[in-house]
Amino acid sequence: MSTNKELAASFKDIASLLELTGADKFRVNAHARVSRVIADLAEDVAELGQDRDALLALDGVGAKAADKIQEYLETGEISERAELLEQVPSGLLEVLKIPGLGPKTVRLLWQEKEVTNLDELQKVIDDGSILELPRMGKKTVENMKKAIEFARQAGGRTPIGIAAPIADDIVAVLKKEHPKAKFEVAGSLRRGAETIGDIDILVAAKNSEDVAETFRTLPIVDQVLAAGATKSSVRLKAKDSAGATHLLQADLRVVPAESLGAALMYFTGSKHHNVRLRELALKQGLTLNEYGLFPDDEDETPPQQRGVKPVAGKTESDVYEALGVALVPPELREDRGEIEIEKKRLDNLLKLKDIKADLHAHTTASDGVMSIEQLAEVAKARGFHTIAVTDHSKSQPVANGLSPERLLKHIEAVHEADERVDGISIIAGSEVDILADGVLDYDDELLEKLDVVVASPHWALTQDPKSATTRLLKAIEHPLVHIIGHPTGRLVNRREGLSPAIPDLIAAANEHTTALEINAHWMRLDLRDVHVRAASDAGCLIAINCDAHRPDDFDNLRFGVQVARRGWLTRGLCVNAWTHKKLHSWLKSKR
DNA sequence: GCCGTTTTCGGCCCGACTGTTTTCAGTCG
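Counting in our numbering, the first sequence runs from 1 upward without gaps.
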């Protein structure tokens, strides 16, 4: 695990452990915030930690947190965490993760029933002794049982590529049954996060009860968790296109049409972005909730229940405008400084329709299912002006990587296809392996014959950060390389991948006008959003490629573009958004 | 524990839902 990830986890632990000791909630929050700030860092915290002022400059990191970070970097542990773990059994951290079980309940279970882990919780449920606790009835326990079962099976957050089609299907069914209602997908799906906690769907409808009923009785609903007047919550058992079953939660919220904008903001989140906006509202004598932006007053009763007229609420742009800030696109709403984003950068933010080329795709020559012509036709149908054929290199025998002899013939075949097919430029390239020491899988003489070179790491993905940095720098600095494909080799939820010094890669990429790739496949999304942010802040070129092996892989482009937007990427820095002339001139500049 | 174009001390977002309650605590997002 990278240092950032480990340290973020340590701070999260401290927050949870403090919560279980009944500590002040603001202190708990402060630690949770530091955890989030560290997890969002593109640079290695071990580097940053050398400079105490740099730590203190991070929003949410104060003197005490800086001390703890430096202690961790020196000793590999934060003594406060160790001390807390002497007081609080570590197994309770797992118990706390069960939905519906919060700090108060877990603390009670621990102190009254000596529950210190999930198995012991299961025991007091099974023998019924849990019912002796105050406010603990049959129904609560029944829900707890199901939640434990669900947590054991579901195993964490769902990749966006799995959740998005499920959400699309649900909305399609609801729309068909209730054509007059207005539906919006909100939550982390709308923000384009790489993984999704649950599917949030918003509906403005007159017959809200009927819509909620349709939702709760969908065939994929496994269990109804809540069925209120405005909120329904269900657990889904849904199959993906490959036939695998996924367990995840979905919520449907019914809102009045006049507050759809405020509701959409509220349910899109992120929670932390919303907190920022509410703080901003309070400073202006206003209060913001999911019903709208209202004048703030002393009254305890929520304004919408007293017939107070909102200042804004019908649309998102009304609310942002009334707060005096630019409309922040959903992908940016992560409390990463977006409320202060410069207008120019916002106006030039990359859009899906800006993408006019794909520079990383496979054919039947290696492990794809499309011929060169088929690939070109699919790309043309997407409105691209250029498609690169980049089959695997020789060190990928599993993927039918091309020997130098086969590659020479393949280049010819690609150029011939380019002659035959009108309306799109088909260019010859290769996805060349970056070997563990940074050497490329073909010699320069051969690479020179290619129109585009995508250099990617495939093996040795557990090497140490220093070796990884050296390896990737070598490829970035190589004069014949255009793009570094999926630079870290990580797989969402499945493989950590390399942890190179991202700022070093960005600096070198800038110097050599090499582009770093956002691989758009939902299993990769590599570079990830915080890396893209650092790259685009530095003015580094980014390529967004689908790494298509089959025609529908191009559908993943939306996820890649969302990651780019989460990294505040403007269209000028995305080589796939360039005109034919500009793109090809850059490609030739490396020949 | 952090933070400051009203504050270096005194604040720190807001509402819905559930299950257990005779008015509300706990959890969630």
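Any given hint could be a false lead.
What the hints assert, rightly or not - With a straight-line cut-off of 30 angstroms between C-alpha atoms, the simulated DSS-like cross-links for lysine-lysine are:
1) LYS64 / LYS237
2) LYS12 / LYS25
3) LYS380 / LYS351
4) LYS356 / LYS314
5) LYS97 / LYS314
6) LYS97 / LYS113
If you are wondering where the hints come from, they were derived from the structure by calculation, not from laboratory data.
Requested in this report: Return the numbers of the hints above that this structure violates; sort them in rising order.
Outcome: 1, 4 and 5
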